[in-house]
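First to last, the sequence lines map onto chains A and B.
Residue numbering for the first sequence follows our numbering, starting at 1 and increasing by one per position.
Residue numbering for the second sequence follows our numbering, starting at 1 and increasing by one per position.
Treat the hints loosely; a few may be bogus.
Identical chains share a label here; the pair holds if one copy fits it or two copies do between them.
[To be verified] Pairs of lysine-lysine, DSS-like flavour, derived with a Cα cap of 27 Å: (1) Lys85 to Lys256; (2) Lys89 to Lys6; (3) Lys256 to Lys204; (4) Lys251 to Lys71; (5) Lys30 to Lys148; (6) Lys204 to Lys286; (7) Lys3 to Lys30; (8) Lys204 to Lys171; (9) Lys147 to Lys132; (10) Lys89 to Lys7; (11) Lys257 to Lys286; (12) Lys148 to Lys48; (13) Lys330 to Lys256; (14) Lys89 to Lys251; (15) Lys7 to Lys29; (16) Lys148 to Lys132; (17) Lys30 to Lys256; (18) Lys85 to Lys290; (19) Lys330 to Lys148; (20) Lys6 to Lys71; (21) Lys132 to Lys71; (22) Lys251 to Lys6; (23) Lys148 to Lys286.
To be clear, the hints were calculated from the coordinates, so they are not data collected in a lab.
Computed from a prediction, not measured in an experiment: that's the story for all the values here.
There are 2 protein chains.
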Amino acid sequence: MKKLRKKVYIAAGYNTISMGTGRSEFNPKKERPGLEHYIKEAGQATIKQINDAANIDEGVIGNFMAARFNKQANLPGFIPFIDEKLQWKPAISVEGACGSGGLALVTGLKSVLAETADAVLVLGVEVQNTMKAIYGADVLAGAGWYKKRKEGHAYFFPGQFSNRAGAYYEKYGMDYAREGLKRWFVNAMENARLCPTAQEYESKETDLYKLYDKFNPNGANFVDNLTVLDCSKVSDGASSIIMASEEGLIKLGIDKKDAVEIVGWAQVERNITHEPENLTELITIKKAAKEALDSAGLIIDDLGTIETHDCFSIAGILGVEAIGFAEPGKGAQFVADGHTARDGKIPINTTGGLIGWGHPTGATGVHQAVTIWEQLTEKAGDAQIEINPDRPYGMTINMGGDDVTVIAMIYKKAE
Amino acid sequence: MKKLRKKVYIAAGYNTISMGTGRSEFNPKKERPGLEHYIKEAGQATIKQINDAANIDEGVIGNFMAARFNKQANLPGFIPFIDEKLQWKPAISVEGACGSGGLALVTGLKSVLAETADAVLVLGVEVQNTMKAIYGADVLAGAGWYKKRKEGHAYFFPGQFSNRAGAYYEKYGMDYAREGLKRWFVNAMENARLCPTAQEYESKETDLYKLYDKFNPNGANFVDNLTVLDCSKVSDGASSIIMASEEGLIKLGIDKKDAVEIVGWAQVERNITHEPENLTELITIKKAAKEALDSAGLIIDDLGTIETHDCFSIAGILGVEAIGFAEPGKGAQFVADGHTARDGKIPINTTGGLIGWGHPTGATGVHQAVTIWEQLTEKAGDAQIEINPDRPYGMTINMGGDDVTVIAMIYKKAE
């Protein structure tokens, strides 16, 4: 359990559009904006919210696979590309597959705690529409132990989570389980339609429940136990925040009403070479959520909203169980009953999550933090939920690989 | 300038062999140990030096291009693969091209400063003999701005530093300059022959000066202004250290006589999309060396030994000038005069550096720290130098890309 030795805040935030199929701007046949564009857009937009880029002491980039999607590494070198006032300042890039954004948050947090920075620009980015999805699936397989790739499905990661879904169906009943997954999908789409940067913002489908029922898991086309509607998006995008100390907020000219405080966190790693012992449990998420709550001295009932890592709908349901809102096997019911909807007991993924908003892999952890910052400071626009004053805390859960790298963080409106 | 808010030590260290052409164990036609092997060997060997892996709070991996050389990402997941007692603990991977190892040092340092850890396992690794050098050169080009790759040489990075060498020749004279480069090469080989893990340990050449003279820069075979002898090795390898607070040293059961203290550091980033303004100056290294000295309250004459990033011999000479041992243009003379040899004024790269010891890219920054730790605690075996008590400090300079990502650190024997 890691107590925070000083106060750390999120002072600003921004998401680019989550770009990919579904967005009218997206033309897979035309050249699209590259890595450089997304880094610059997200970085500059966040810097615009503070008084002067010179007050930023350091930059962090979270990214998963620019090395293969864009053949580009040495990503710290793009921090001064955002703003010339960042030239000669410290910069770093961090990686933990789809948990890279969460690791970027942790890295910024530690710099403030270490007192080597009073303000850190923390950015996550991924541009993965540079290749077809089937080739991209091989790249994304690097989030698991690549050496065993040959035993896996062509769509490696969907295959992993399809196996988890299959185990859940077997234990608790497929029809029962898919009612929960369906509601997860519907919530995701409905929330995304309220958020202009979401990949599914323009979705026009009138009956989402019916749409979901039209698709049946079919191993011949995709994977055995999930359909493409259970799957997060292939997305290009970047998100960024500025993390700051108390002194940093003042230097940046940010009022506390526009900031959230980070009050707890956890970072938990599972051996990537091990198969999960129990396919129906996300044990690393379970440990991270508990550790983060403990580190903040909070209980689950203190949480008012959550962004959790639904790379697949089944990861959403299993996440609800792992965080502790439902007993094993009861998560599908909890979701089907509407408790995770935006007007439910615990609104989850209020701008659509990875399935509705999109999943630019290395950016996702930062995107989650931006969303919580927006919700707790009432900047979420049409997607704004009402925060129950008795449950004022937000949480993010970001996962890399199949329950391998997990980062949890807890936030409250700054006071 | 970043003052360290508490004492941080290096408590243990280990280098695997730098594996590649030159080593008798290396057979390019047979399957070689993979990424997993090197991570495990280096991690376990360092852990063996402390009382119990359970006392390690966190793990960091520095790596550049496992994504392409090994198709593997989510590297934090290999921390618990080293030792099961690291399961569920925080882990992270960091990247900054060939500066990835130095960024791993910074990350461990910050965790101790942040008081989120009392002991951190910091590891660097690269396994790049998975492809032929010409394909590998395309991978390594990701350390520069890949978008301009098409304008570059087939051997992109050698091309960049060949241009720097060419500019130096033009300004100060080629014959003069190559006398310095020659001595740099000879020092590297002679030092490597004293270190059993060095890639050139088994080198038997009787007249290294003559050997160097046999090669002439020839753009037709390699690059215009450098030969393969001016070039660091293609290497597989891993290095690791354990960083600890004062309390951490006690928990780990490490006596101060076996530890070094980190007394200063700097991390400086140059915009990767900019061409260097002056090809004969490594301005980022210059800034980093000065900042690190300033942060420790030291001057250059306090330094007794240095590990600097000689990815090419010209980077060694320019590094000597950038650190401040010689005026612009005088570095070649300084080196040719033997001042950087192991019995010189300022012994540099005492186990061979990147040209003699080897350059497993993501591991190099950590390897440099291991070497300084060994020298200052008298564990360097046949490569041991005598540390002048009036100049008791060691420094490491690790660079990613063409003077883009630079990390400098200063050490002294713990007291």
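Item checked: Intra/inter-copy verdict for Lys147 and Lys132 if alpha-carbon distance must be at most 27 Å -> For Lys147 and Lys132, the Cα distance is within 27 Å both inside one copy (22 Å) and across copies (20 Å).
Checklist line | Status of Lys132 relative to Lys148 across identical chains (alpha carbons, at most 27 Å) | finding: both (22 Å within a copy, 23 Å between copies)
Note to self: With identical chains, the pair Lys85 and Lys290 could be close in the same copy or across copies; at 27 Å between alpha carbons, which is it: within, between, both, or neither?
What the structure shows: between (40 Å within a copy, 19 Å between copies)
Next item on the list: Can you give me the call for Lys30 and Lys256, within, between, both or neither, at a CA distance of at most 27 Å?
Entry: Intra 43 Å, inter 61 Å, cutoff 27 Å: neither.
Check: How would you classify Lys89 and Lys251 at a CA-CA limit of 27 Å: within, between, both, or neither?
Finding: So Lys89 and Lys251 pass the 27 Å test inside one copy only (17 Å; across, 34 Å).
Note to self: With identical chains, the pair Lys89 and Lys6 could be close in the same copy or across copies; at 27 Å between alpha carbons, which is it: within, between, both, or neither?
What the structure shows: Answer is both; intra-copy 23 Å and inter-copy 22 Å each pass.
Checklist line | Intra/inter-copy verdict for Lys30 and Lys148 if alpha-carbon distance must be at most 27 Å | finding: So Lys30 and Lys148 pass the 27 Å test across copies only (20 Å; inside, 35 Å).
Margin query: When Cα atoms must be at most 27 Å apart, do Lys7 and Lys29 count as within-copy, between-copy, both, or neither?
Written below: Answer is neither; intra-copy 47 Å and inter-copy 56 Å both fail.
Check: Are the CA atoms of Lys251 and Lys71 at most 27 Å apart within a copy, between copies, both, or neither?
Finding: Neither: 37 Å inside a chain and 43 Å across chains, both beyond 27 Å.
Note to self: My question is about Lys330 and Lys148: at a cut-off of 27 Å on alpha-carbon distance, are they close within one copy, between copies, both, or neither?
What the structure shows: neither (32 Å within a copy, 54 Å between copies)
Next item on the list: Pop the pair Lys251 and Lys6 into one bin, within, between, both or neither, using alpha-carbon distances up to 27 Å.
Entry: Intra 17 Å, inter 24 Å, cutoff 27 Å: intra and inter.
Check: For Lys330 vs Lys256, is the C-alpha pair at or below 27 Å within one copy, between two copies, both, or neither?
Finding: Answer is neither: 39 Å inside a copy and 54 Å across each miss the 27 Å cutoff.
Taken one by one, the earlier hints fail for this structure at numbers 3, 4, 6, 7, 8, 11, 12, 13, 15, 17, 19 and 20, listed in ascending order.
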